[in-house]
Structures are given as C-alpha cells and as structure tokens.
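Going down the list, the sequences are from chains V and G.
Counting along the first sequence from 1, when you hit position 393 you're at 393 in the working numbering, and nothing is skipped either side.
Counting along the second sequence from 1, when you hit position 33 you're at 33 in the working numbering, and nothing is skipped either side.
A hint or two may mislead.
Unchecked claim - Take a look, some chain V residues computed to stay more than 10 Å from chain G by CB distance: (1) GLU80; (2) VAL177; (3) LEU252; (4) LEU265; (5) SER361; (6) ALA422.
Said to hold, decoys possible - Straight-line Cα separation of at most 25 Å, PhoX-like style, residue types lysine-lysine; simulated pairs: (7) V:LYS41 - G:LYS55; (8) G:LYS271 - V:LYS114; (9) G:LYS55 - V:LYS219; (10) V:LYS123 - G:LYS214; (11) G:LYS256 - G:LYS207; (12) G:LYS214 - G:LYS244.
No lab work stands behind these hints, which were simulated from the structure alone.
Beta carbons are placed, not taken as given, at the ideal position from N, Cα and C, and that holds for glycine.
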Amino acid sequence: MRYRSQAVAYPYFVVALLLYGLQIAFGLLAVVKYLGPDPIKGWLPFDVTKEIHTNVLIVWVLTGFMGAGYWLVPEESRTELHSPKLAYIALALWTLVALTAVVGYLFGWTAGNKLLEQPLPVKLGIVVVMLMFLYNLGMTIWKAKRYTTTEAILMAGLVMTALLYLPALLEFRNYTVAIFYRWWTVHLWVEGVWEMIQGALLAYLLIRLSGIDREVMEKWLYVIVGLTFISGLLGTAHHYYYVGTPSYWLPLGGFFSALEPLVFLAMSAYAYSAIRRSGMSHPNTLALHWTLGSALFSALGAGLLGLAHTWPAVNKWTHGTLITPMHGHPAFFGAYVMIVLAVITYALPSLTGHSESERESKVGLWAFWLQVGGMFGMTMAFAAAGISQTYLERILGFGYLETQAKIQVHFLMLLATGILFALGVALFLWDFFFLAPSKPQPVTVATPSPQPVR
Amino acid sequence: MTKRQTRMFFAAGTTLFAVVFIALTIDSHRQFGRLTHEEAITPAVVAGKHVWHRKNCVNCHTLLGEGAYFAPDLTKITQLRGEPYLREFLKDPSRYYSEEQHGRLMPNQNLSEDDITNLIAFFTWVSNIDNNGWPPRPIVVSAATPQGIMLGTKPPGAASSEPVALGEALFGRTPPACFSCHSTQPNVQIVGPSLAGVSTRVADIIKNPAYTGKARTPEEYIRESIENPNAYVVPGSTFSAAGKSIMPAIYHDMLKPEDIDHLVAYLATLK
Chain V
1 MRYRSQAVAY
11 PYFVVALLLY
21 GLQIAFGLLA
31 VVKYLGPDPI
41 KGWLPFDVTK
51 EIHTNVLIVW
61 VLTGFMGAGY
71 WLVPEESRTE
81 LHSPKLAYIA
91 LALWTLVALT
101 AVVGYLFGWT
111 AGNKLLEQPL
121 PVKLGIVVVM
131 LMFLYNLGMT
141 IWKAKRYTTT
151 EAILMAGLVM
161 TALLYLPALL
171 EFRNYTVAIF
181 YRWWTVHLWV
191 EGVWEMIQGA
201 LLAYLLIRLS
211 GIDREVMEKW
221 LYVIVGLTFI
231 SGLLGTAHHY
241 YYVGTPSYWL
251 PLGGFFSALE
261 PLVFLAMSAY
271 AYSAIRRSGM
281 SHPNTLALHW
291 TLGSALFSAL
301 GAGLLGLAHT
311 WPAVNKWTHG
321 TLITPMHGHP
331 AFFGAYVMIV
341 LAVITYALPS
351 LTGHSESERE
361 SKVGLWAFWL
371 QVGGMFGMTM
381 AFAAAGISQT
391 YLERILGFGY
401 LETQAKIQVH
411 FLMLLATGIL
421 FALGVALFLW
431 DFFFLAPSKP
441 QPVTVATPSP
451 QPVR
Chain G
1 MTKRQTRMFF
11 AAGTTLFAVV
21 FIALTIDSHR
31 QFGRLTHEEA
41 ITPAVVAGKH
51 VWHRKNCVNC
61 HTLLGEGAYF
71 APDLTKITQL
81 RGEPYLREFL
91 KDPSRYYSEE
101 QHGRLMPNQN
111 LSEDDITNLI
121 AFFTWVSNID
131 NNGWPPRPIV
141 VSAATPQGIM
151 LGTKPPGAAS
161 SEPVALGEAL
171 FGRTPPACFS
181 CHSTQPNVQI
191 VGPSLAGVST
201 RVADIIKNPA
211 YTGKARTPEE
221 YIRESIENPN
231 AYVVPGSTFS
241 AAGKSIMPAI
251 YHDMLKPEDI
261 DHLVAYLATL
271 K
C-alpha cells in the first residue's frame, strides 16, 4: 500500500464479501426450490429468493468495483484520496440502502422489474452513493493533475455505469418500451461499461503482477474497449428479438453478438502474453490465479456460451429457457466476480500488513479451485437442463410442468455442484476474515514509480 | 499500432456505433406504436402492468421470454387458457395444481377482482404484440403428450383435406388452442375434461335427465359445447365456477362455421 488512504478499500471489500456469502446462500435455496416441494413458499417464495440472489450479486460486485476504485486511483494518480471520510460515509449509506432493499424484498417491497427490482427510493439511494463515489475519485484525480490510461478507462466505466442507471429510474406505460430501456441499463452494463472496468482492472493487475510494460498493456486496453463497444452497443439487439421491436434487430443482433466473444478472446490473449513474458514469478500466486482465471473463464462464460444461443435462429427456440442461466452464471462469475476477487486477493496482503509471499495459502487455492470447478459443473448442469427443456418443451411440445418434472436430475446436479461452489466461497471468506492477520499496516512512504505515466 | 492509433480506434469505433444505435432507437420508437398496438393500452392494461410488477411475477414467470424460469411463459397465456379459467386460477391456484402432482404450486397472490381483471387485460394486450412470431410454437403450461412432433415453424398441418384431418389439425393449432386445456388421452385431465371417447360418453349424457342442452346426437352435443359452453356444464369441481363453464364462450365468433364443422367431425371420431 503506497498511500495511507488506499485503506478505505478494505471495508468495501468486507461488505462486498459478506454480501457475496448472502448471495450464494440464496442461490442454494433457489435450487432447492427447483427440486421441490417447497414447504416455506408461503413466507419465502421462489421469486423473492431469486430476486435477492441476483440483486445482492449486482450490489456486491458494485461494492467491489468501488473498493477497487478506491484502491487503484490513489496509486495510479500518486496521491492521497480526496476524502477518506466521505468514502466511509458513502459505504455506510450504501450498506444501509442494500440491507433496506434485501429486507424490503422479504416483505414484498419491490418494483418487480427483472434485475432492476429496487424500489424508487432505493434506486435514488444508489444514485446518491454513486455520485459521492465519483465525486471523491474525480476530486482525487483533479487535485493530482495526473492520471493513467488504465485509471481513465476505469473511471469512464464507472461514470458510464452511473449514467446508464438513469433510464432505470423512469417508468414507461408501454411494457415493450420499458423492456427496451431496461436493457440500456442491464446489457450496456454487463456487456459494455463493466467490460471497460474489467479490462482496466485486468490491465492494472497484469502490470503489477507481471511487470509487463505499461505502454503495451494500455495500447491493448484501448483495442479491447474499442471492440467492446463496436460489438456490444449493437449487440444489445440480441435482447430485441422477440419483445415487440422492429425485425431489423434480428440480423443486427446475430452479427454483432457474434463479435462479442472477440473482446474476451482479446482479454485472454492479453493475459496470456503478459504472463508468458514474466512467468508466474510474482509472490502473490493467488492473485495471479484469480486474474488469469477471470480472463479465461469470462472467455468461456461470457464469450463462447453467450455465442451459443445468441443467433436468432437458435434463440427463437432457447429464449426464456434454462439456457439463459447457463450463460449468465459463468459470464457473471468469470467477468465480474473473479476480477473483483482478483483485486481483493492482490490488495489484501498490503491492506492487512502481510508480506505478499505469505498469501500463497492452501485454503486460498482450494477456494479458487472449488469455485472454478463448482461453477463449471453448475454451467454444465444448466446446459443439460436447458438443452433438454428446449427440446422437450419448445420443439416436441411437452408442457412446461411435464418438462420440468423430466429434467429434475439436472437440478440435483446443479445442487451438488452448487454446494462445491459454495464451499469454495466459504473458504474464500474464511481465508479473508480469519487467516489473513488484521494488524494495522505500518504506513510506507509514497515512492515515485519508475514507470512513465501518461 | 501505436497507442495513439489504438485510442483513435476506440474513440471512433465507439462513437460510430453509438450514433448508429441511437438512430435505430429513434426509428424503433417510430414503430413501437404499430408493433405493440399502443392504442390498445387502456387504463386497465396499465393497471394490470402494475399488478404484474407489484406481485413480482417476473421473478418466477417469463413474459415475452423474459423473466425467471421457475414457472411457465405467459406471453400467449390468454390465447391458450381463456379468461374464465385464468380468473378462477388466479383466485386460488391450488384448485388446479398441487405440489404433489405437478411439482410446483403458485402461492396465492391474494388478488382482488379488479387486480385480476386488469392483469388479464394486460396479458391480452401482451399476447397481441407483434414480436417477430415468437414463440415459434405454443409454449403450453401442461400437456399430456406432444401435439404432433415437428421441427418446423409452421403450425401443425392437416394430413389431408378430409374434414376429420382438418379438424385434428385445428385442434392442435393456436388459436383456438383446444389442446392446451383438453387432452385426447383417457384419464388425463389438463384443465377441461379429457376428450378421449367423448363421442361415446356424450351419447349417455344426452339421455341423462340432468342434461340441460338441446342436442340429440353426439355431433350436435359437441357443436353445442364449442359454440355455447354454458348450455350444459359437465359436473366437476374445476370445470365451472358459480355454475358457469370456465371454457371461454368465444369460439362461435372466433371460428368460421366450416372450422367448427371440422372440429366436430374430428371429435366425433373419438369413441
């Protein structure tokens, strides 16, 4: 830790990881409900379980992004954070808003709009915290009069995240129009500006972990982000196939979503070439695992498995089946969960006053492989369930209920692999909270980086 | 490539495609009115949309294929299951489904009569949205056996131009979606009575003094049931509510007379 105020990242990571645990608990509960019968559906029905599972995911990944921002910006701009106090206040408010939302969901307080279920006051709270966060980092950069490309891309991604949330505040009379703009938030987040954030965090971690030349990394970062928007903006079309939109979105969606995997392939190539040069010599091997894992797993989950059902001729049959979570789970995990865990793992030794080599813990490695393996198994279980569902229900014409009864065995597999995954998460939390010592870090004086900064 | 060139690639690419995306968005707005029949968005439809959101329906069901995968898609539900049935179902889902038999049961949402009316109005509006022909074949809640295996996108075609074959094809088509409530297998009850052996069975019903309709032959009875479901309501706790059949009384107007002839011809063969 080069700057004392980078320490504000730590409580953000604490909140993020606690929410991660909560998300997984509700995820497991949701699978159990798939297996049925459900004795608690009277007071905790599936819709609430699933809503908490997905909303807590979004909130904790955003918390992780904010923590990563507070960690990275002072270091890249070589200055102390504008106001650590504001960052702590923002976190307190954020946690309050998140918990209010979760408790509200339990009592049926919801906007009932997929992934944007937050009731309006909660949405406004989210906007306020985002503004506090962006103001704080913006002022830090402004005062330092210095920023790097990596940092600029990260900030642009975060600013766009806030801006693209604004359509979610509007209400539309026409359900089709509401769907149209819902994707401006959801799609342009996860297949647009969040990829900017992932790319920037990946660049930062690769520079730090492999010692590769910053100029080379940042050059490729521009290419990756350029590809993200060239494919991803019109790639939104794959959500506009069958919801009451003009038919020209069909060929556009097919073509541009087919380009979307390029982004992830480029990120994998980028990580591979960086590591090839320096080898796995950095002492924080855990952080290396998560960083490379993010690049590779997102190529599988977000890239290839997205491509698997994005063509209109395929999507016509798979739209609205379990094929969607087959793509959604590994995509979110690979691209966003893993990159946040990578930043946490990278920053943890210096946040907790630890030498980096000591972070090569057995528990940490188990946490990594159980999560990766568990998620891979879950993806396969969703794939088997989704393919069977598509064939039985959509092509042969079996009823929804009969089909669900026939694919129960895949939900058993989902539960089994989900438990492996949850064990991995539990080990990660245990490692974070109990194995890493929490003695305060002796503050080191900022040393100028030898690398040129643009 | 130099860093400057890659930055140009990013800036120019993003700007170009953002402009195209916004232009297409504007064009889509020009077409939304026509594609979604905006003139049909009545206050009841809007109120129904609020019920849909308030009750968090989207986190179990899909609508237009979007939502969660725990419960059936509802895009065309009002075409597959008529209004009288939906009304009864929404009042108390456990009348029609049980966890023991179907694996899942929708919790009672405690909807008011107005809520239900509005929700059905909303679903009806959604079912008429021009959404590029999705789903390519009906997604049904429950069906005894597949209504003919086929891989194409067209509705089931008739094997020949004989009335019986035409009637059988029509039975499996949406609308009228007869198959989505009536099985043609013995003892398989989806929503309405199974039509297996209907021709033989109704011969007995007609003779029964409790019969209230005017039919004298099985063919006449079948025609009467299609055109006026309330002429005689088959006993059974789920077939009617307050003495009224839950089969929609819409087919007399929806179907052409020859369509009804074909359906009658087909159903009369089920002995």
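So, going through the hints one by one against the coordinates:
Taking the minimum C-beta to C-beta distance to chain G, about 28 Å, the non-interface status of V:GLU80 holds against the 10 Å cut. At the 10 Å boundary, the C-beta of V:VAL177 falls inside the reach of chain G, the nearest C-beta of that chain being 6 Å off. In this structure V:LEU252 is not separated from chain G by more than 10 Å, as the shortest Cβ-Cβ distance comes to only about 8 Å. At roughly 17 Å, the least C-beta separation between V:LEU265 and chain G is larger than 10 Å, which holds for a residue marked as non-interface.
Once the 10 Å rule is applied to beta carbons, V:SER361 is consistent with being away from chain G; the minimum gap is 38 Å. For V:ALA422, the condition that its CB be more than 10 Å from all CB atoms of chain G holds, with the nearest at approximately 20 Å. As the CA atoms of V:LYS41 and G:LYS55 are separated by approximately 14 Å, the hinted pair is consistent with the 25 Å bound. Our distance criterion of 25 Å between C-alpha atoms is broken by G:LYS271 and V:LYS114, whose separation comes to about 48 Å.
About 49 Å separates the Cα atoms of G:LYS55 and V:LYS219, which puts this hinted pair outside 25 Å; it is violated. This hinted pair does not check out: V:LYS123 and G:LYS214 have alpha carbons roughly 62 Å apart, beyond 25 Å. Proximity of G:LYS256 to G:LYS207 is assessed by CA-CA distance (about 30 Å); at most 25 Å being required, the pair is judged violated. Simply put, G:LYS214 and G:LYS244 have alpha-carbon atoms about 17 Å apart, close enough for the 25 Å limit, and the pair holds.
Consistency note: the structure conflicts with the earlier hints numbered 2, 3, 8, 9, 10, 11.
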